[in-house]
Amino acid sequence: MLLDAAVDIAAFADLPSAYWKKTWSANPLERLSREIKRRTDVVRVRPDLDALDRLAAAVLAELHDARQVLDRRHLPEASMAELFTTRPAESQPRITPQPEPEQLP
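So for the sequence shown, full-length UniProt numbering puts the first residue at 1; every next one is plus one.
Simulated from the structure, these hints should not be mistaken for laboratory data.
Predicted, not measured: the structure shown is a model, and the values here were computed from it.
Quick reminder that beta carbons are idealized off the backbone N, C-alpha and C, glycines included.
Where hints are given, some of them may not hold.
FRET-style restraints, in silico, Cβ to Cβ [as the list claims (entries may be wrong)]:
(1) Asp48 to Val69: 16 to 24 angstroms
(2) Asp14 to Val43: 40 to 48 angstroms
(3) Ala66 to Asp41: 30 to 38 angstroms
(4) Ser17 to Asp50: 18 to 26 angstroms
(5) Ala66 to Asp4: 36 to 44 angstroms
(6) Asp4 to Glu77: 31 to 39 angstroms
(7) Leu52 to Leu3: 17 to 25 angstroms
(8) Leu63 to Asp4: 27 to 35 angstroms
(9) Asp14 to Asp53: 33 to 41 angstroms
(10) His64 to Phe84: 24 to 32 angstroms
(11) Leu49 to Glu82: 25 to 33 angstroms
(12) Asp48 to Glu77: 37 to 45 angstroms
(13) Val69 to Val42: 17 to 25 angstroms
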């Protein structure tokens, strides 16, 4: 499974190296999952999946609203313009495919 996803796993390498720290991990997603878990533990009543969906949607809406107020962006617009400049071919990261386990000697 990981061998099939090798290109997707290393997709962050196509971005400028300044963004690698922000994009290679799933920390924002993990933080969101922890927040939803914390809220469901506080409520302690989950009669059905619809109630859980509503609670998760409320958490997402609240976090989205809080993020809209911030003046800071995760990936600033000005520096995102770097992505649209073409880089010389030799500076592009190269990912060499690994042999399948059956092909190993």
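Cβ separation of His64 and Phe84, checked against the hinted range 24 to 32 angstroms:
The hinted range 24 to 32 angstroms holds for His64 and Phe84, with Cβ atoms some 26 angstroms apart.
For the pair Asp48 and Val69, does the Cβ-Cβ distance stay inside 16 to 24 angstroms? With a Cβ separation near 33 angstroms, Asp48 and Val69 fall outside 16 to 24 angstroms, so the hint is violated.
- Task: Check the following: the C-beta atoms of Ser17 and Asp50 are separated by a distance inside 18 to 26 angstroms.
- Result: 44 angstroms, violated
Outcome of range test on Cβ distance (Asp14, Asp53; 33 to 41 angstroms): Holds - the Cβ-Cβ distance for Asp14 and Asp53, about 34 angstroms, lies within 33 to 41 angstroms.
Cβ separation of Leu52 and Leu3, checked against the hinted range 17 to 25 angstroms
35 angstroms, violated
Do Asp48 and Glu77 keep their Cβ atoms within the hinted range of 37 to 45 angstroms? 42 angstroms, holds
| Within 25 to 33 angstroms or not, the Cβ separation of Leu49 and Glu82? | Violated: the Cβ-Cβ distance is about 43 angstroms, outside 25 to 33 angstroms.
Asp4 versus Glu77 beta-carbon gap, inside 31 to 39 angstroms or not: Because 34 angstroms falls inside the window, the suggested range holds.
Okay, Asp14 versus Val43 on CB: inside 40 to 48 angstroms? 41 angstroms, holds
Open item on the list: Just to be sure I understand the hint, the distance between the Cβ atoms of Val69 and Val42 should be within 17 to 25 angstroms; is that true here?
Closed with: Roughly 23 angstroms apart at Cβ, these two residues keep to the hinted range, so it holds.
*asked:* Range first: 30 to 38 angstroms. Now tell me if the beta carbons of Ala66 and Asp41 are that far apart.
replied: Distance hint for Ala66, Asp41 is violated at roughly 20 angstroms.
Inset, instruction - Take the C-beta atom of Leu63 and the C-beta atom of Asp4, compute their distance, and say whether it sits inside 27 to 35 angstroms. - result: Distance hint for Leu63, Asp4 holds at roughly 32 angstroms.
Figure legend: structure checked against the earlier numbered hints; hints not met, in rising order: 1, 3, 4, 7, 11.
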